[in-house]
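Undergrad: Can you make the complete structure from the sequences, with help from the hints?
Residue numbers (our numbering), protein chains in the order written: chain Z, 1 to 233; chain P, 1 to 242.
Think of the hints as simulated: they come from the structure by calculation, not from any bench.
Note that CB positions come from ideal geometry on N, CA and C, so glycine has one too.
Don't take each hint at face value.
[Unchecked claim] Listed below are the simulated DSS-like cross-link pairs for lysine-lysine, each with C-alpha atoms no more than 30 Å apart in a straight line:
#1 P:Lys-109 x P:Lys-127
#2 Z:Lys-131 x Z:Lys-227
#3 P:Lys-109 x P:Lys-176
#4 P:Lys-31 x Z:Lys-227
#5 P:Lys-127 x Z:Lys-131
#6 Z:Lys-227 x P:Lys-176
#7 P:Lys-109 x Z:Lys-131
#8 P:Lys-180 x Z:Lys-227
[Stated by the list, open to error] Residues from chain P that keep clear of chain Z, each with C-beta distances beyond 10 Å, as calculated:
#9 Thr-11
#10 Ala-81
#11 Asp-229
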Amino acid sequence: MQEMASSLARAFELLLSLDPVLYGIIFLSLQVSGLAVVAAAALGVPAGAGLALVRFPGREAVVSLLNTFMGLPPVVVGLVVYLILSRSGPMGFLGLLYSPTAMIVAQTILAFPIVAALTHAGIASVDPIVKDAIRSLGATTSQAARMIVIEARYAILAAVIAGYGRAAAEVGAVLMVGGNVEGYSRVMTTAIALETSRGDFELALALGIVLLFLSLVVNLALRAVQKRGALVR
Amino acid sequence: MTLSLSAAGLTKIYDGRAVLDGLDFAFQRGKVHAVIGPNGSGKSTLLRLLSLLDPPTRGTVLFHEGEESVEAGISVRRRMAFVFQRPSLFNTTALRNVEAGLAVRGRPKRERTDLARAALGRVEMEKMTDRNGRTLSGGESQRVALARALVVEPEILFLDEPTANLDPHSVRIIGKAIGKLRDGGRTTILLVTHNIFLAERLANRVVFLFEGRIVEEGEASAVIERPQDERTFRFLTGELAG
Numbered sequence: 001m002q003e004m005a006s007s008l009a010r011a012f013e014l015l016l017s018l019d020p021v022l023y024g025i026i027f028l029s030l031q032v033s034g035l036a037v038v039a040a041a042a043l044g045v046p047a048g049a050g051l052a053l054v055r056f057p058g059r060e061a062v063v064s065l066l067n068t069f070m071g072l073p074p075v076v077v078g079l080v081v082y083l084i085l086s087r088s089g090p091m092g093f094l095g096l097l098y099s100p101t102a103m104i105v106a107q108t109i110l111a112f113p114i115v116a117a118l119t120h121a122g123i124a125s126v127d128p129i130v131k132d133a134i135r136s137l138g139a140t141t142s143q144a145a146r147m148i149v150i151e152a153r154y155a156i157l158a159a160v161i162a163g164y165g166r167a168a169a170e171v172g173a174v175l176m177v178g179g180n181v182e183g184y185s186r187v188m189t190t191a192i193a194l195e196t197s198r199g200d201f202e203l204a205l206a207l208g209i210v211l212l213f214l215s216l217v218v219n220l221a222l223r224a225v226q227k228r229g230a231l232v233r
Numbered sequence: 001m002t003l004s005l006s007a008a009g010l011t012k013i014y015d016g017r018a019v020l021d022g023l024d025f026a027f028q029r030g031k032v033h034a035v036i037g038p039n040g041s042g043k044s045t046l047l048r049l050l051s052l053l054d055p056p057t058r059g060t061v062l063f064h065e066g067e068e069s070v071e072a073g074i075s076v077r078r079r080m081a082f083v084f085q086r087p088s089l090f091n092t093t094a095l096r097n098v099e100a101g102l103a104v105r106g107r108p109k110r111e112r113t114d115l116a117r118a119a120l121g122r123v124e125m126e127k128m129t130d131r132n133g134r135t136l137s138g139g140e141s142q143r144v145a146l147a148r149a150l151v152v153e154p155e156i157l158f159l160d161e162p163t164a165n166l167d168p169h170s171v172r173i174i175g176k177a178i179g180k181l182r183d184g185g186r187t188t189i190l191l192v193t194h195n196i197f198l199a200e201r202l203a204n205r206v207v208f209l210f211e212g213r214i215v216e217e218g219e220a221s222a223v224i225e226r227p228q229d230e231r232t233f234r235f236l237t238g239e240l241a242g
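TA: Encoded structure:
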């Protein structure tokens, strides 16, 4: 108990002293998860919107698949990305294994189904009467699609935030494809795992506090966005 | 020349039941038609088919400009407008809601804003332009919806129970706006309503719909005061169930 208290005190000290190792890890984490969520949004929002707006055979199956992939086990994603990027893999020539880029790829794959599925759900749940109103105003198909997406904007923003939450909290996949190399591919989650296994709780706790704080920020943002979107339905 | 509207053999079948059953009717240009009838008589379905929101199972909706027939498509749609019974505003300000139809038609921003403000004035909502449509009361929301329809200067206006469950103040304002439109004589209006008083006050013509068919139609005061069909009489006196 006492050890935990002193570790906690030390953790705050590290945070307050702007320890360069600690902040290096934090910035890399933000960078990797940030870029991953940008990529996941760039792919997932159009995919989810397309699924919600365009009717085609097999659409239901794709939606089910996407919903299933929302719970993709990170280690499986890590394994697959590893196999693809490893030297003998199909993309091995890129030499990306054990790099931040590989981590971004893994996190993008994890966040994509969440962004796409929640975007789809958000657009699909736009009130049919609003869709009727859009059509009655004389909107063309593409104008109507645009207006429906705008109507679902808060749900889409919530989808992207949820995707970020998934990417930032993930450890297994980035550990496998990033290699947890100090000063290069070590992010908050992988550092916590490592430091804990070493019994070095100060840095782990300091990073844990930051992760918790970020998670809080993400959740507050999510709630604020959902509140705006739910305005007197 | 403004558009005229008629139905030819208009039929809509839902779950094996004919909600509209081979309806033939020509609406009079520039007149207010109150469509009345018991619940389930096909009033709302009729409006949805005529406004091209839903396709008929059989039959057609015909548009004419003078003698010329006009193809039912996006350009016809842009000459019509619809006010729904349920709140249908977009999750944005009242002003932007009213601008939407103009934006769809590619009108420039400045013009859009001016026209939308003026339209909101017609329904006495000029002081609430910046309020989000979703935070308005039922009556306020419906007045904005009416402004959103009026601003595009529709030649045909569909109103599906526009005053149902609204506060008396909003009912009065909406009634007044529709009355002005009627007096202008340039807009063909189809008003579905359960409110016989509103129908009598606003409509030139009354169409009584029963089980998907037009049972009686004529001058508003004539149909309401001296119905010829026994079913119309029973409906107006409240003896017809539904």
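Undergrad: All the hints need checking, so say for each whether the structure fits it.
TA: Hints and how they fare:
The suggested pairing of P:Lys-109 with P:Lys-127 holds, with an alpha-carbon distance near 20 Å, which does not exceed 30 Å. Between the alpha carbons of Z:Lys-131 and Z:Lys-227 the distance comes to roughly 21 Å, so the proposed pair stays at or under 30 Å and holds. In summary, the hint linking P:Lys-109 to P:Lys-176 is supported, as the alpha carbons are separated by about 29 Å, within the 30 Å threshold. For a cut-off of 30 Å, the pair hint linking P:Lys-31 to Z:Lys-227 is broken: about 44 Å separates their Cα positions.
This hinted pair checks out: P:Lys-127 and Z:Lys-131 have alpha carbons roughly 27 Å apart, not beyond 30 Å. Between the alpha carbons of Z:Lys-227 and P:Lys-176 the distance comes to roughly 36 Å, so the proposed pair goes past 30 Å and is violated. With a C-alpha separation of about 23 Å, the suggested pairing of P:Lys-109 with Z:Lys-131 holds against the 30 Å cut-off. Only pairs whose Cα atoms come within 30 Å are accepted, and P:Lys-180 paired with Z:Lys-227 is rejected, the gap being roughly 40 Å.
In this structure P:Thr-11 is separated from chain Z by more than 10 Å, as the shortest Cβ-Cβ distance comes to about 21 Å. The claim that P:Ala-81 lies off the interface is violated: its Cβ sits roughly 7 Å from the closest Cβ of chain Z, which falls inside the 10 Å cut-off. Here P:Asp-229 stays apart from chain Z, with its beta-carbon at least about 32 Å from theirs, past the 10 Å limit.
Figure legend: structure checked against the earlier numbered hints; hints not met, in rising order: 4, 6, 8 and 10.
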